[in-house]
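Please construct the entire structure, taking both the sequences and the accompanying hints into account.
Chains as they are written, first to last, in the numbering used here: chain A, 1081 to 1558; chain B, 1081 to 1558; chain C, 1081 to 1558; chain D, 1081 to 1558.
Derived by calculation from the structure, the hints in this document are not laboratory data.
Remember, identical chains collapse to one label, so a pair may be satisfied in a single copy or spanning two.
Cut-off 30 Å, straight-line C-alpha distance, at most; resulting in silico cross-link-like pairs (DSBU-like, lysine-lysine): (1) K1180 to K1556; (2) K1362 to K1277; (3) K1279 to K1362; (4) K1279 to K1180.
Number of protein chains: 4
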Amino acid sequence: MKNDPIALDHLDGLVEAKAPAYAALSDLIWGMPELRFAEHRSVEAQIAQLEAEGFRVTRNVAGIPTAFVAEAGEGGPVIGFLGEFDALAGLSQEAGVAEKRPLEAGGNGHGCGHNLLGAGAMLAAVSARDALREAGMPGRVRYYGCPGEEGGSGKTFMAREGAFDDLDAAVTWHPGAFNAVMSVRNLANYQVYFRFKGKAAHAAGSPHLGRSALDAVELMNVGVNYLREHMPQEARVHYAITNSGGVSPNVVQAEAEVLYLVRAPRVAEARALLERVKDCAKGAAIMTGTSWSFEIDKACSELLQNRTLETALHGNFQALGAPAYDEADRRFAGEIRASLSAEDIASEVASFGADPALAEAGLHDGVLPFDGTPLVQAGSTDVGDVSQIVPTVQAWGACWAVGTPFHTWQAVAQGRSAHAHKGMAQAAKVMAATALDGFRDPELLARAKAELAQRRGGAAYACPIPPEVAAPPLRKRG
Amino acid sequence: MKNDPIALDHLDGLVEAKAPAYAALSDLIWGMPELRFAEHRSVEAQIAQLEAEGFRVTRNVAGIPTAFVAEAGEGGPVIGFLGEFDALAGLSQEAGVAEKRPLEAGGNGHGCGHNLLGAGAMLAAVSARDALREAGMPGRVRYYGCPGEEGGSGKTFMAREGAFDDLDAAVTWHPGAFNAVMSVRNLANYQVYFRFKGKAAHAAGSPHLGRSALDAVELMNVGVNYLREHMPQEARVHYAITNSGGVSPNVVQAEAEVLYLVRAPRVAEARALLERVKDCAKGAAIMTGTSWSFEIDKACSELLQNRTLETALHGNFQALGAPAYDEADRRFAGEIRASLSAEDIASEVASFGADPALAEAGLHDGVLPFDGTPLVQAGSTDVGDVSQIVPTVQAWGACWAVGTPFHTWQAVAQGRSAHAHKGMAQAAKVMAATALDGFRDPELLARAKAELAQRRGGAAYACPIPPEVAAPPLRKRG
Amino acid sequence: MKNDPIALDHLDGLVEAKAPAYAALSDLIWGMPELRFAEHRSVEAQIAQLEAEGFRVTRNVAGIPTAFVAEAGEGGPVIGFLGEFDALAGLSQEAGVAEKRPLEAGGNGHGCGHNLLGAGAMLAAVSARDALREAGMPGRVRYYGCPGEEGGSGKTFMAREGAFDDLDAAVTWHPGAFNAVMSVRNLANYQVYFRFKGKAAHAAGSPHLGRSALDAVELMNVGVNYLREHMPQEARVHYAITNSGGVSPNVVQAEAEVLYLVRAPRVAEARALLERVKDCAKGAAIMTGTSWSFEIDKACSELLQNRTLETALHGNFQALGAPAYDEADRRFAGEIRASLSAEDIASEVASFGADPALAEAGLHDGVLPFDGTPLVQAGSTDVGDVSQIVPTVQAWGACWAVGTPFHTWQAVAQGRSAHAHKGMAQAAKVMAATALDGFRDPELLARAKAELAQRRGGAAYACPIPPEVAAPPLRKRG
Amino acid sequence: MKNDPIALDHLDGLVEAKAPAYAALSDLIWGMPELRFAEHRSVEAQIAQLEAEGFRVTRNVAGIPTAFVAEAGEGGPVIGFLGEFDALAGLSQEAGVAEKRPLEAGGNGHGCGHNLLGAGAMLAAVSARDALREAGMPGRVRYYGCPGEEGGSGKTFMAREGAFDDLDAAVTWHPGAFNAVMSVRNLANYQVYFRFKGKAAHAAGSPHLGRSALDAVELMNVGVNYLREHMPQEARVHYAITNSGGVSPNVVQAEAEVLYLVRAPRVAEARALLERVKDCAKGAAIMTGTSWSFEIDKACSELLQNRTLETALHGNFQALGAPAYDEADRRFAGEIRASLSAEDIASEVASFGADPALAEAGLHDGVLPFDGTPLVQAGSTDVGDVSQIVPTVQAWGACWAVGTPFHTWQAVAQGRSAHAHKGMAQAAKVMAATALDGFRDPELLARAKAELAQRRGGAAYACPIPPEVAAPPLRKRG
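Structure below.
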């Protein structure tokens, strides 16, 4: 059935035909790395491309200037592809070299591969639309332009405003070192600022008149460290002192701030734990005669696995296989790996749940096995909130040398490489194929939804970010 | 004017005549050491003697079974002599030997010389009454039987019930190693129990279900240690953990208790500091999800110096001089000193504000100089509350070898010695003489009262122990 | 094959014939509850019975006065039954009543059912020997009299001295509320005293001269609470302050002690974690100018599951089934359950990994399913060390009403009940049958040993308690 | 003796003649506020003026680019005038207005009046030289250009290199709100950086692999807060967290830094206390598995009072009296005072030890009394080190409205005012007169030196900053 528009080999051709354009788009975004919620140029580049492809674009989703949705097709189910495109601070790096070489001191860089992530998801969306159109099948394809994934929980703010409510399924991926279903059990989280206000005084002359906000931060932290014994072992609480109240020891610190990240397997548990952390702040304020306040910065729900869709995606990945790397790809990957320690590589391999023997591979030539068991990870992602609303499936696409850690110059250096482009295209095929399975098979979507409903126990989605917390770009700072 | 009944040499004779009887009473009390508020036999012995001397006795003062007042004389001013008679735990010791030799393992002992203190104050009271009677002068003499000085604040409970309100002056003394006016600026204090209740749980199996009262005690203590930076430097806060919640690490501690002693130069400052310490308890309870309560155990006001009376007492001490020690006294004192290090002796000498050269003396043959400047000491005494109500003066009487530390077996061992008896009699003379100065010279008492009023700035006495706190022997324990 | 001496129904008869005698022995030990390492009378009673049964007794095993081994039979494999018989403080309770009613205020009680444990293991040993003898089969049966399980790690001290080295298998059980294989993954542990010595000083007068040992304990604890963030999540560290340095806040505490229990999944991890806890002690001593020392009190290795023997035991349990309770048993169980909350019962049921629906059962009439997966528990037991040396299998025997918590008066009250006696006899049958499987089937023992070797990765047993640490009854205390 | 060149009224004329030039120099420096050790333009302006006056200038004293000495005269004693000229960050302010109005956002400003301090000391030096020259008396006058007083201890670095060793006396002043001898007992100090290095790790994914340098800082601080109980009450320890290890809670902080200021009445005590603080750092590093290092940033010795010179200076101040303020001066002072609360004013007045009634004064029209008793202050100054080497005397000169706090915009706003210029000239007269007393009266200098020798107990000056610590501008930063 060579002409079945949805046959994998046909789809492969559709994706490959457009892959160079999206590789170019990815490279463009790589070259103008923008931090969370400031991805204005990256968004414009994507929207231009999507409009050229005939997608209908809605800007300012959830009121966020860099959040948008692009849709194509008519009728039928609605399947969304989630794209990200924000960069990281301090990771400026020249492409294509295997040594640390910033383009701009202190500049930004795409250390998490979101240039590929967004462009790849777009390529999947466009290709799925192309296939649907050729097949004359109903169905709508959406691309979600999701800003601020890095410490911003952009999708959670979008979810709170209902942006994903009418989807039948969501599909996304992440660049990495392996080809695999990304089936993960992770942690919900809350990120919260705690601020204390005390009273300044000369620290030698009249310390008894001072009320130290830094003391309050320290005592809050001591209290939380005691709390660790009495919280569920899978939970995590960590913090950074974001304002220590000044660098002069001579003055009792009148204000100070600490940023907490509170995580637990389920969002309700994270919220309960946050209340206990707040009690530590309150207790510290009372102890020190200071006042305190808190500000929720962001939050994520835990990922809900969808084994139904994951099984479908895994089947497509097995059928499509790994990208076809060439000698040059392997040579550059080898050079990158030479910059990493064996421990780093082994640790990265383990974090994917991959066979330790794969640490020897330069680039991943296969597809990792999948038996329906999710990998347990202590991190968090705002894809979690999408997965609470709509059946969601994710892929890992091998874009980097095996062992490349996230958020490193090595990841940035490979961000425009030929092997990254190949990994992106392959992931786009797998995603598009899985979406097409859904368009073609209403039963699949129904089963995926039933699984979601069963996992949620019938409860409706409740966004972990309270309604009064504005998305970061909309916040007024005092 | 040899026959002037109030001439010092005549008074000297009066005191010496009765001194053997009171030395015997002191020895009797030494031999039946009773702890705070349990001084029943010591009280009976004193009352029997006072009734034999014709004093009118009121028992159960302030409702406390071992508090009493004995009065003699009619009309005129009322001057009170304050006596103490409680012993200390763990200080059982044979008399008259210069090595540690308990009479009873773990038994009590008069390590603070209160056997001498009470008997000496009685001897002063009786002798002053005798002199007044001979002179046919009006005036009432009182002996206050004050229990529970050691960690009990007996006088403060008595003061709260008005026991000292109608006095014109109060006189007392303390055995020590020197002859001197005891003019001291010390600290007011509050002693308070803090109790926490949490929830037990298996510390390994379900620590997340436990709420640790021991954590609360520790966090309260951490909070208070941070508070130290921000309190007046003369203040003191210290604590003991009186219930750590059990010795098994396997159980989350469901209850715990810590006993705080909070001191500051003035009682109002101590009270304000106590509020901040309470905030640390409250904050710790909130941090740990436990509940807390507190119980005031006792409190003392700071001593108010009365330079008027101190100057009078110093004059009498100079006129009367030191006791006349003999060779045997000096030999025993020398043996006691041989059991002490040079550092101990020097430290003790310094604590009296005495010339360091006096560390060489075996027994103090002179009277320490006094220029009206009080010695600053960081401790507390319940004489403080009397001094807030009525002009109060204190003497040190040399009863021990120079360098003898308080609360040691060495102090107990000297408690029935000839030199202690001599020191007690000499102190009784000085106290009686000072009281007689008052009876004879209304101007002196008026000036003393004016000084007190000036120091208090016109404020009435407010007892630091709240009305609802029962004296220890009257307390119900849950 | 009715006369097969090892047929289960024949074995059943052997056990039932002697069960009354061992129920009586259990009751005798229940009536003279002795604490860890002081089980002298309980040991004598057991030895008398074993000698009457013709066992050869070795006393003073590992030099511990209440540790002994009794052996019978000749040649063949050696299979050991592990018995315990120590009681708990503060759990004195009348038998057969469903309300808290101590026999002796503050007295001991068999709150963990070790009276049943020892007698039941003896009954199994004797019955297995009887069956072997009837069958004329070679094989040696041992009963291990293991003292001090409660906080004493008696078996670990015995293991260190080689007491289990020549065994082919070890079998034991524990009274509980269910009939089941006890297949558990637990934690290795170390219990360690930390002691600090500082310098006393008057806390108000000269605190700058004091060095507080209590400060050191508190700072060590703060350090350990910070350490929690950075240790594996399955590890556990908990502590009790066993000497707070005195109850007087007026003295800088010159000595203090804290008892730590450090646990981790594997003994090597526990040891590594203990080193970090010791660093906290060292750091605290340096911070406070105090000196520190530590004393290992006891330690246990983690349990090594032996699925081979567990499968055999489970088969026997399924074949033999639950004890046959009667109406009176069920009535008493019902009364006991009426003294417990639904939450307590549910929590106990969950701790056995049993179906929550079983919370409704008064007594357990079935056998819990077993699929080879161990239950994960955060506790520890000294059976762990035996399981590291020799293939070891454990059963739960239903002796208590469903929901009865361990270490409660309810457990003591049921310790002499008819249903406890029945549960003990049934467990004895299951244990004896499993041992007989081993005697009959050398392959089974070989597979069990191979499994052990595989789990140990070829490493020889290394006792977690260093050679210089004497067993508690042999220790000199300073 | 109208023509006595050293008569006060003649000296008054000499100073007044040159006062306008030095007021202009002060204004020039006010207008180019430079931070510690970066006072290059201010130094050039001063040197130009001093060279114009015929002084011999030595630059780069102690190797510090902005430290210099200017000398004039020949033979006789050598008396030095100490000048300062560094500004403060963040205190930019328009002159002559009574409201906060920065000239440059975040810019520097002369909030401590060092523009006046340096110019005034120069004016005194030049005038003393003029008087000596007129009188034909031998004697050398020096002006010390001392950089980096604000948190830099410039003089201590100069002292370490011997810059003050051959002086016979040192004289200086400070602008303030009162005319007075500045006789102070303050605290020696050490300012020390503590740095910790740990190991980064993902705070949720692998916290057990991380070693937190921030934990180490916090635990060090907890340890120091416990230490407070056990240090002399006059000592002070305070700190600022100068590197919290980053603002991301998601990463275990691999490095962190805290800056400590350790003070005590005597430099030896400060050094001993610093050792105990270092122990807290060491203990925290051990507890957390991090490494630590420290770097002494600066140190000051305590001021040694020189009552001999103070008495001489006080006599001159009484003879010369306060500056003659006019209506405009008082009006502006009144406007400044209107911007301050009564509490602020009262607190400032108290900090000078002045009569509280003077809080009502707009400008100080008298000279504060002096009875030889120093004011106790808990701060520190690098004049302390000069005072340890050579008899040193300081004056307060009334340049600001009564109640003006140091380091405020109000101080900057008055820095070029007419009343500040008058206060500066008056202080210059007092300083010059006192120096001339010394030149004229060798006995005075001898007595001053004898007093210093007696206070030092015969010990030679030992600089508190170790030889290996480079002055800040000479330091290499890693």
